[in-house]
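*Asks:* Sequence:
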Amino acid sequence: MPHLSTNLHFVLFPLMTPGHMIPMVDIARLLAERGSTVTIVTTPVNANRFKPVITRAINDNLKIQVLELQLPLAEVGLPEGCENFDMIQSAQLHIKMFSVAMMLEEPAENMLRGLTPAPSCIISDNLLPWTGDIARKLGIPRMVFHGPGCFTYLCIHILATNSDALDEMGSDSEYFVLPGLPDRVELTKTQAMMAWLAKDTTGFFNRVRKSEEAANGIVVNSFRELEPYYVEELAKAKGKKVWCIGPVSLCNKSFEDIAERGTKGAMNEHDCLKWLDSNEPGSVIFVCMGSLARECTEQNIELGLGLESSNKPFLWCIRHTTEELERWFLEQGYEERVKRQRANNPRLGTAIIDFVTSSGWRFHNTLWMELDSRRGCSGSPYGYMATLC
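Throughout the sequence shown, residue numbering follows numbering that gives the first Met the number 0, covering 0 to 388 in sequence.
Note that these hints are calculated values from the structure, not bench results.
Any given hint might turn out to be false.
[Claimed, not checked] DEER-style ranges, computed between Cβ atoms:
#1 296 / 109: 42 to 52 Å
#2 257 / 108: 14 to 24 Å
#3 337 / 117: 55 to 65 Å
#4 272 / 108: 38 to 48 Å
[What the hints assert, rightly or not] Derived DSS-like pairs (lysine-lysine); straight-line CA-CA distance at most 25 Å:
#5 209 / 136
#6 235 / 95
#7 209 / 237
#8 311 / 338
#9 50 / 252
#10 239 / 209
#11 62 / 252
#12 136 / 239
#13 136 / 237
#14 252 / 239
#15 237 / 188
#16 240 / 136
#17 240 / 209
#18 338 / 273
#19 311 / 273
#20 50 / 62
#21 235 / 252
In this text the structure is predicted, and so the values were computed from the model without any measurement.
Here a beta-carbon is modelled for each residue, glycine too, at the ideal position from N, C-alpha and C.
Construct the complete structure from the given sequences, taking the supplied hints into account.
*Replies:* Right under this line is the structure:
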């Protein structure tokens, strides 16, 4: 594959969670395909996750390297090897993960000082604000990366700047209209209560906001034709240029790169594709609640029963299973029951394809599929993604 050649050196800092890391690796490949040198800075466990993809890119003569920094996990009370948000068992421990990520500032700065060629630009996750301090000290331009789209980002900005109005609302279930949007977007106080409004995270998100204000621009995993108004309004609200470079997942052309984009599933990729090909086009429901969502056993059972009663073929991805859920599957003969239902009705559900997802990043990946297939997508958002629905 012929590649361009430039003297630019981009240093990328992804947040240690799948939905933030995966598109950042895609961005690294996109930049390298245009002739730039790219350095990805992460931790050993996370580097190992996307090692096969990067190895293939390097073998294709792309100038990408991965530099690893050690997280002082013991200092914040996290177990050894717990280097990603999807390895955390409770939402309360997320604060510890953010705290330990902040401790990477000094070693990251020392590492950047020794890089050759010198970095031309830093692209860092917007939730790694300390990278802004490094960029300022070393005089390196810095872009903040935000993946879920300009509409979501603008809604978050509006909510953050109108938090006092939320505090004055009496009812958690009362709907209010987000101001300053061309479309009518209604939320309740409960839906709008972002993590940064909690007292124990106020300092962190204030630092995130100030770091964004000092950045040279914003990089978003979206495209202008999808949300032209929100691209312009986000640029006005943030007072800086917005580059829409998505969907970055389209850089994955080979079967291996597509199959290994993220954590490896329990099902063989070829078997999965074979099963999908055995169904009518546009007939399968894809269900994925994302890497960070932790549904209880009762929720998964209800979801499973609902999928069964839909009388449609489905592909159900379960990130975190439990002994109780496994026992229920076994005792109820769920898998065999669904297979028999399909055998008796081989043309079930050939009219539509639906995507059901909870994770913000999974929602956007399925949104790209929806745009391509012109089919339906329903989302049940996780965390800050509540602004999207």
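*Asks:* If a hint holds in the structure, say so; if it doesn't, say that too.
*Replies:* Against the structure, the hints:
no. : hint                  : result
1   : 296 / 109: 42 to 52 Å : holds, 46 Å
2   : 257 / 108: 14 to 24 Å : violated, 36 Å
3   : 337 / 117: 55 to 65 Å : holds, 57 Å
4   : 272 / 108: 38 to 48 Å : holds, 45 Å
5   : 209 / 136             : holds, 16 Å
6   : 235 / 95              : violated, 34 Å
7   : 209 / 237             : holds, 11 Å
8   : 311 / 338             : holds, 11 Å
9   : 50 / 252              : holds, 17 Å
10  : 239 / 209             : holds, 13 Å
11  : 62 / 252              : holds, 18 Å
12  : 136 / 239             : holds, 21 Å
13  : 136 / 237             : holds, 23 Å
14  : 252 / 239             : violated, 32 Å
15  : 237 / 188             : holds, 24 Å
16  : 240 / 136             : holds, 22 Å
17  : 240 / 209             : holds, 16 Å
18  : 338 / 273             : holds, 15 Å
19  : 311 / 273             : holds, 17 Å
20  : 50 / 62               : holds, 14 Å
21  : 235 / 252             : violated, 35 Å
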